[in-house]
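Given these sequences and hints, build the entire structure.
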Amino acid sequence: MLAEYQMSSNLATSVSIYRTFCRFVFIVCLSLLSSTANAIEIDELIRHIDELWRGNTSHATMTMSVKTQRYQRSMTMEAWSRGKDYSLVLIREPIKDRGIATLKVVENIWNYLPKINRVTKVPSSMMSGSWMGSHFTNDDLIKESSFQDDYTSSITFEGERNGRDIYEITSLPKMDAAVVWGKVVMLIEQDTLAPYKAVYYDEEGLLMRTMTFDQTQKIGDRTIPMRMSLQPEDKPDESTVIVYQSIVFDIALEDDFFSLQSLRQRR
Amino acid sequence: MSALHALAVFNRLPILLFMAWRNIWRNPVRSALTISALAGGLVMVILYSTLLEGMTRQMVKFATEISTGHIQVQRQAFIDDQDLYATLPWSYLQTLEQQFPNIHITPRLYSAALASAENTSTGVLIKAVDAQREAAVTQMLSHVRRGELNLAVAETLDDGLIRYNVVIGAQLAKNMNLEPGSELVLVTQAADGSIGNALYRIAAILKPLEPSFDRMGVLMSIEAYQQLMYLQDGFHELSIKLDDATSLEDVQAALDTKLKLIMTSQSLDALGGVPVVRNWRQITPAIADMLELSKTMNFIIGFIVVGLASMGMLNTMLMAIHERRHEFGVLLAVGMKRRWLLLMVLFESFFLALVSAFVGSFIGIIFAAYFEDHGIDFSASMPDGYDWAGMVFEPVMKGYLEPAHVVNACVLMIFVTLFASLIPSWRIARLKPVEVM
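Protein sequence lines correspond, in order, to chains A and B.
Just so you know, we're using this note's numbering here: the first sequence kicks off at 22 and counts up by one.
Just so you know, we're using this note's numbering here: the second sequence kicks off at 85 and counts up by one.
Simulated from the structure, these hints should not be mistaken for lab results.
As the structure is a prediction and not an experimental result, all values here were calculated from the model.
No residue lacks a Cβ here, since even glycine has one placed at the ideal position from N, Cα and C.
Check each hint, because a few of them may be wrong.
[Said to hold, decoys possible] Some, not all, of what chain B presents toward chain A, calculated at C-beta under 7 Å:
1) Tyr169
2) Leu198
3) Ser205
4) Thr206
5) Gly207
6) Val269
7) Val271
8) Gln273
9) Ser278
10) Asn281
11) Leu283
Structure follows, in structure tokens:
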């Protein structure tokens, strides 16, 4: 339209303008095309990683070992999830903490404490606090579900590194997103699409923590790392390791499974 | 010759003083104006220093008596980042109490926690105290707004669960909608890594004392803390009150030496760091700096006020002397020595200053005494007091009349006045009798 108008109004300059315009359209189309192709792939990858341990619904048993300078303890937990918004974690061992449950519904976290038979909500001001004494924060539970909304991811490396073919995904926070990390780099094996390392940086670009994934197992059609180790950078002697004993996907869960009532009932 | 000369001055001193005194009252209106200017300045200086001294004393009182104490002992890691594990063993407290029978010592423990009530939850800071020892060191426990102070067991539930009483800050109570008698749930990470959780009963709500406690403080007994946190073997902080605050530095040094000695026999783990003994000035440097600043400010402002008053004095004296040039000329002509004339004018200024000092300090003391008794009451607009330099002040700003300040102000004024009158006196010394007559 614009080109037509300009051609009819001024024949003298129309040829050169038309040429420039065509070149511009071509470049735009080209870049759009290439970025769309890339975007689909990265979205798929991110979604794959996101749903790896989750499926539509899931039921897992896992052991979390926390090692700090002062103590070392391990907890056995049972966890259920539906989609990215609902999850319930129940502590089985040790006896002292047995029955303590954490319910996550969208952006809210509640803890059920069987000893005193009370449900407490974790306020937003405590989100950066430690979850169950581990090196994970409450925020890690929440932000996991909004990672795609808060970060822009792109494949920054594709090919062989240290003898294996990998994808390197770099995620940078969006302008107005309230996030903890300044940059997250995730390394994924190309053939299995299983992640093996995630590195977290703060806003100044300083390395804050490293998460490594290993002991992969093929469950259904996906390859899942059964062990996650979290290593905070400022405390080299400390770590949190989560090992999945079992994980089952697409199980039937009642509608009110992820509710405060069921949180209280499940002793 | 010089002895005779000196004698001559002394012989003439009474007559000079007499003349100076009479000269002042020859023109009572002029003198009264000068005196009122000087006395007014003095009243201002006295009132100003009374209020400032009152505030200073209130600050020191709040800085030490409310919750800090004169001296605190903590381990380095606790000072740095409130490390839960940076405790000192209970045996340290016993040893210190035996070694220092004349000071009051109270142990404290701290921890961050999540407090939940009916519909709200928020992050809080638990402070555990020994109620009896605490009362001997600070007034923290006596500032109850509502309820009754009680940190004992509230009740034992059917299944053997114990509910302890706790005391919370006023702002926290307001934010969480809590009243004395309400139930509070505390969830925290205990020292062994487990999830510490327990039920509590709010026994009382404290008046605002320090902004951080007011917003997020939960006060409990040491037994309650130990049951929640599984942290039995030590305390985080010792707060110490001295009966005689002037021996602060000495006691601090003695405590430091003693602690180093105890450390050699009962060693501490490396992670928590060494015990550090700090006085309240080091703990709350903002307040200590403020006190230093206010002392300097008092002097500077006093100097400015007196300086302005003496400008008036200088003006009056210059005018008076200009008016009396004729008279001085006559005196010189009949043979009065110039230096005696100069001395006489200086005496006049001195008398003026002296009268002003009496009048000024009299009025000043009356006003100051009023401020000391009644203070300036802001409680209508600020019922909870005001928050300054990290402390909450009472809404009534009370003065404190320090006699030394009145004397200082008077001496300062007399000196400045005499200095100011040197200029007109200097002009008299150069007077030519023939010209002025």
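To see whether the hints hold, each was checked on the structure:
With its C-beta approaching chain A no nearer than about 5 Å, tyrosine 169 of chain B sits inside the 7 Å limit, and its interface hint holds. Here the hint on leucine 198 of chain B is kept, as its CB sits about 6 Å from the closest CB of chain A, short of 7 Å. Because the beta carbon of serine 205 of chain B sits about 5 Å from the nearest beta carbon in chain A, less than 7 Å, this interface hint is met. For threonine 206 of chain B, the suggested interface contact is upheld, since its CB lies about 5 Å from the closest CB of chain A, less than 7 Å.
For the restraint placing glycine 207 of chain B at the interface with chain A, the shortest Cβ-Cβ distance is roughly 5 Å, inside the 7 Å limit, so the hint holds. Interface restraint check: valine 269 of chain B against chain A, minimum CB-CB distance 5 Å, threshold 7 Å, status holds. Of the supplied interface hints, the one on valine 271 of chain B holds, with its beta-carbon coming within about 6 Å of a beta-carbon of chain A, less than 7 Å. The beta carbon of glutamine 273 of chain B comes within 5 Å of a beta carbon in chain A, closer than 7 Å, and the hint placing it at the interface holds.
Interface restraint check: serine 278 of chain B against chain A, minimum CB-CB distance 5 Å, threshold 7 Å, status holds. Against a cut-off of 7 Å between C-beta atoms, the interface hint on asparagine 281 of chain B holds, since the closest Cβ of chain A lies about 4 Å away. For leucine 283 of chain B, the shortest C-beta to C-beta distance to chain A is roughly 5 Å, which falls under 7 Å, so the interface hint holds.
Checked against the numbered hints above, the structure breaks none of them.
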